[in-house]
Structure formats: structure tokens, C-alpha cells
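**Q** Each chain, letter by letter, is given below.
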Amino acid sequence: MRGKELKIRNPGDAIRAGLAYVTEDRKGKGLVLGMDICLNTSLAALRAVSRYSIINLFEEIRITEQYVQSLRIKTPSVEQKVTNLSGGNQQKVVLGKWMLTQPEVLILDEPTRGIDVGAKFEIYKVMNELVAKGVCIVMISSELPEVLGMSDRVIVIHQGKLNGELHWSEATQEKTMTLATGGSEK
Amino acid sequence: MSEHILEMSNIVKEFPGVRALDDVSFQVKSGEIHALVGENGAGKSTLIKVLSGVHPNGSYTGRILVDGVDQQFQHIRDSENVGIAVIYQELALVPQMTVVENLFLGVERGKPYAIDWDTANSEAKKYLEEVNLDISPSAVVKNLGIGKQQLVEIAKAIAKKARILVLDEPTAALNEQDSANLLEILRQLRDRGVSCIYISHKLNEVIEIADSVTVLRDGKTVSTHDMHGANRLDEPRIVSLMVGRDLTERFPRVEHTPGEVVLQVRDWSVQDPDDPAKNIVDNVSFDVRQGEILGVAGLMGAGRTELMMSISVSVAQLRCVARN
Numbered sequence: 001m002r003g004k005e006l007k008i009r010n011p012g013d014a015i016r017a018g019l020a021y022v023t024e025d026r027k028g029k030g031l032v033l034g035m036d037i038c039l040n041t042s043l044a045a046l047r048a049v050s051r052y053s054i055i056n057l058f059e060e061i062r063i064t065e066q067y068v069q070s071l072r073i074k075t076p077s078v079e080q081k082v083t084n085l086s087g088g089n090q091q092k093v094v095l096g097k098w099m100l101t102q103p104e105v106l107i108l109d110e111p112t113r114g115i116d117v118g119a120k121f122e123i124y125k126v127m128n129e130l131v132a133k134g135v136c137i138v139m140i141s142s143e144l145p146e147v148l149g150m151s152d153r154v155i156v157i158h159q160g161k162l163n164g165e166l167h168w169s170e171a172t173q174e175k176t177m178t179l180a181t182g183g184s185e186k
Numbered sequence: 187m188s189e190h191i192l193e194m195s196n197i198v199k200e201f202p203g204v205r206a207l208d209d210v211s212f213q214v215k216s217g218e219i220h221a222l223v224g225e226n227g228a229g230k231s232t233l234i235k236v237l238s239g240v241h242p243n244g245s246y247t248g249r250i251l252v253d254g255v256d257q258q259f260q261h262i263r264d265s266e267n268v269g270i271a272v273i274y275q276e277l278a279l280v281p282q283m284t285v286v287e288n289l290f291l292g293v294e295r296g297k298p299y300a301i302d303w304d305t306a307n308s309e310a311k312k313y314l315e316e317v318n319l320d321i322s323p324s325a326v327v328k329n330l331g332i333g334k335q336q337l338v339e340i341a342k343a344i345a346k347k348a349r350i351l352v353l354d355e356p357t358a359a360l361n362e363q364d365s366a367n368l369l370e371i372l373r374q375l376r377d378r379g380v381s382c383i384y385i386s387h388k389l390n391e392v393i394e395i396a397d398s399v400t401v402l403r404d405g406k407t408v409s410t411h412d413m414h415g416a417n418r419l420d421e422p423r424i425v426s427l428m429v430g431r432d433l434t435e436r437f438p439r440v441e442h443t444p445g446e447v448v449l450q451v452r453d454w455s456v457q458d459p460d461d462p463a464k465n466i467v468d469n470v471s472f473d474v475r476q477g478e479i480l481g482v483a484g485l486m487g488a489g490r491t492e493l494m495m496s497i498s499v500s501v502a503q504l505r506c507v508a509r510n
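So the sequences go chain by chain: A and B. Counted from 1, the first sequence has number 72 at position 72 by this note's numbering; the numbering is strictly sequential. Counted from 1, the second sequence has number 222 at position 36 by this note's numbering; the numbering is strictly sequential.
So that you can see chain A by itself, here it is in the shape it has in the complex (with noise of 0.2 Å):
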């Protein structure tokens, strides 16, 4: 990471190292279904809410406030149990979450799946900003159209292999799946 060779041992230590993953299995392992957004969104940034070890339930609702506004999830307040969210809100709380840990790389796993037309574009959206702000997305995504929509650079996996990388510019989808079904780019 920037030159320094990185010994993680365990998420506290990526998140410390600038790394945030989102995962696709957002129910089981992104979200507390049973807590509230504001509860979800600190839980992996505790620290940015905390002074001396001690959280500031204030300052918690502010800044889960300022996301709610800024990715424009839809609930009628920061209170709202995340289980009550639709799957694209539920998303955009995840995102919110690692957003929160500042990442210098923010990996996103399957990010849209399952979620509605307009909340894919909306999260599309979020992505080029963030990345307008200098951080480094990588998405791993099984939708194509999405990878090959979205992506600067696309490579390949084929089995545990690396099996190629494109340029966006020259991706289209039957090279992709090409090399996805292991063959190669010729």
C-alpha cells in the first residue's frame, strides 16, 4: 500500500491500512438487521464518533444524518431499523458504513445486486464521486453490462487464475466472457 508492505492480520488492521471491502452477502454479513441505521453506519468507525473511548450519541446521528442525506437512502428517520430498508437503502447503508472509514480503496462486491434500476444508478453515481475524490474502487460484479459500464480497467478471474486484464475501451462482453470461460484473448 503506497510503498509499504502491508501485514494484516485482521479487519482492524485493513481498515487501519486505508482498505474497506463491501460485501455481497449484505443481510448476513454487511448489516446488524436489527439495529438502526445509525447504529450500522458508526459500527465500523466507532472511532470517528468517540473522544477519549466514549461515544458521542450526538455526533453519531450528525454524521449518519449527513450520509442519509448524501446517498439520499429513503427512510423517514436516522432510527429506522435497517431490516424496514429496501435493498437498495439497505445498500447505500453499507456503503455509508465504509465510506465512514475514509478507505484509500474501497472494494465493493457485487454492489447492486439484487436492488432496483434507480438505485443502481444512484450507487453508480456515488462511486464516481468518490472516485473523483482520488479513492480507488475495485468492484467485482457479475453483470456484465455493469463491469464493462463502470470499470477504467477490467480483469478477468477464470478459476482462481488471473486470465486477462482490458482496457474499457477494448472490453466488450464477448471478450470478457471469453476469457471468463477460459479461453484466451485470441
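Keep in mind that the hints were calculated from the coordinates and are not lab data. One or more of the hints may lead you astray.
Unchecked claim - Below 20 Å or equal to it, Euclidean Cα-Cα: the simulated SDA-like pairs (lysine to any residue) are:
#, chain 1, residue 1, chain 2, residue 2
1, A, K133, B, P438
2, B, K346, B, S216
3, B, K406, A, E174
4, A, K161, B, E362
5, A, K161, B, K388
6, A, K120, B, F201
Dock chain B against chain A, hints included.
**A** Chain B only, in chain A's frame:
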């Protein structure tokens, strides 16, 4: 009657918010190997779940005919009764039990109050022979290799008198020799009149073994092709049928100018927790630059999630180094 052992017509299956199957029609002739191909999410698994009664009659619209007779499956057992057997990628054997116990699980041989082990064992031997499997019926399943376990599943399907055998990605976890063996057995079964629906991402196998190929895309049937006629498909044709859609969804593409390299990953490997001899991620190297979006494409199970998860949430034992 009809030459088709199985006809599914105009199947529509909706989940909240998505139409997983949109007017899919699919016919299988008796005694053929019919490959079903399509991208992730094209609807292959949903179609199989409709066929096997996992999604019961009433939760979808459309008709299923076996031997020309209308079928309304409420349970998996209903579909098994007409001879449909599905072998999923994650095998459904009980690892701690023996081969013979697994073969007749739920259909134990004997009287209501006692299992007749002699009959069970001798029948088991016969079924194992049919799949060229030379193991003792009293072997414990978890001690068998994955290739052999797969064959036990097939023997189990034969024991249930399956006439339509559905295999979902059967060779995904197998090495080349086991795969070749499996394909050979499928051919033998076909020659005895068993029809087989074969789902696979390995297009070379599809071309090698299939008598017909049906391509699904976005929940719709694209086309069915006879693999023996003049119009047979080659790999590039299948790929283009699988993805051949226009980029209708709009993406807010913004030109980024990637800056310096932020994260470099070199020679990254992750061991398969289930099989220490295998790497689920094997020697992957890549860079991520400031202010860019790097897409990671691949099929399900290619190792993408494992790669990224191991980097950001890595386990102490992983001897992985990310260095400049």
C-alpha cells in the same frame, strides 16, 4: 406419442421485483444430453427449481409435461416419482454415513421395523457397478474423493429410477480425469435411454458431450440448437448467444485519469479450506491506481470474492504479502 420426454412451456416465474423466468420454453428428447447454458443469473437454476418442484406448482405459470402428461409438482418428491433427479453442485450426501446408507436414504430396503442390509448391500453393489465405481458399499462417504462422491449421487439417482437426470455444474469441483470419467458415464446412461440436462460453464465440455444446447439469457430462451446437424455451435457462437444483448442500461461513465499506484498485490494465493492441495486463488497480481474503478469480472465461483476478502479481511495463517 411425443418424442419429447420433457416439455416445459411458457414458464413464467416472478420473485418480488424481478422476473426470473420470462416465458421460457424448453424441450428434452428422450435419451439425449441436453446442455443448458447462460450467464450468471440467466435463470438456469430457477428453471431447474421449477422442474424439480422446489418452486411448487402455483408459484409460477406455464406447463410441465412429462411423457405428454401434465404435471403439477408440489414437492421434490412429486418430481422424483415421475423420474426426475437433480444433482446439485453442493452434493446432498450425508458425509458421515456410508455409501449404502446414503443410496437408500428415505427409501431403505427391508421391512418397516428392520433394514435388510444384505439386500441393500447387494443392490448397492449393482448400482455402483453401473457408474463404474469400484468401492465398498460400507465405505464412509466423507473419505471418498469429490469425484467419487459425485458418482455415488448419480448411483443414487439411478436407484430412484431416474429417467431425467439434471446435473448442475457437475464438473466444477472435479479435476480433468474425474470430469472425463463423469462425461463417459453420462454417455453410457444416455445410451440406456436416460435423458440428461447438463448445466455447465465449461463450454468445451458442452460441445464435447451435448446432443442439443439451449441458451438462456436474462430469463428468456434465446434458442435451442441441435449439436449434430449442420447448424452446430462452436464456442464463440455460444458465447455470443449468451451475452448477445445490447447495452441498454445506462451508465454514468465519467472519464477518470488514474494517478499513481496505491495498492499493489503480488503473487497472491489463497488455499482452499476444503482441499489444502488446491488454491482457490492462484498467484494473482494486480495494481490499483488512485482515482480509478477497477472491475473484476469472472463467473461465479471463480475466486473473486475469496481474492478480495482475503486481502481486506485476511486470516492470520494466510502467508500472503502485499508489497510494493
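**Q** Checking against the hints above, which ones are violated?
**A** none
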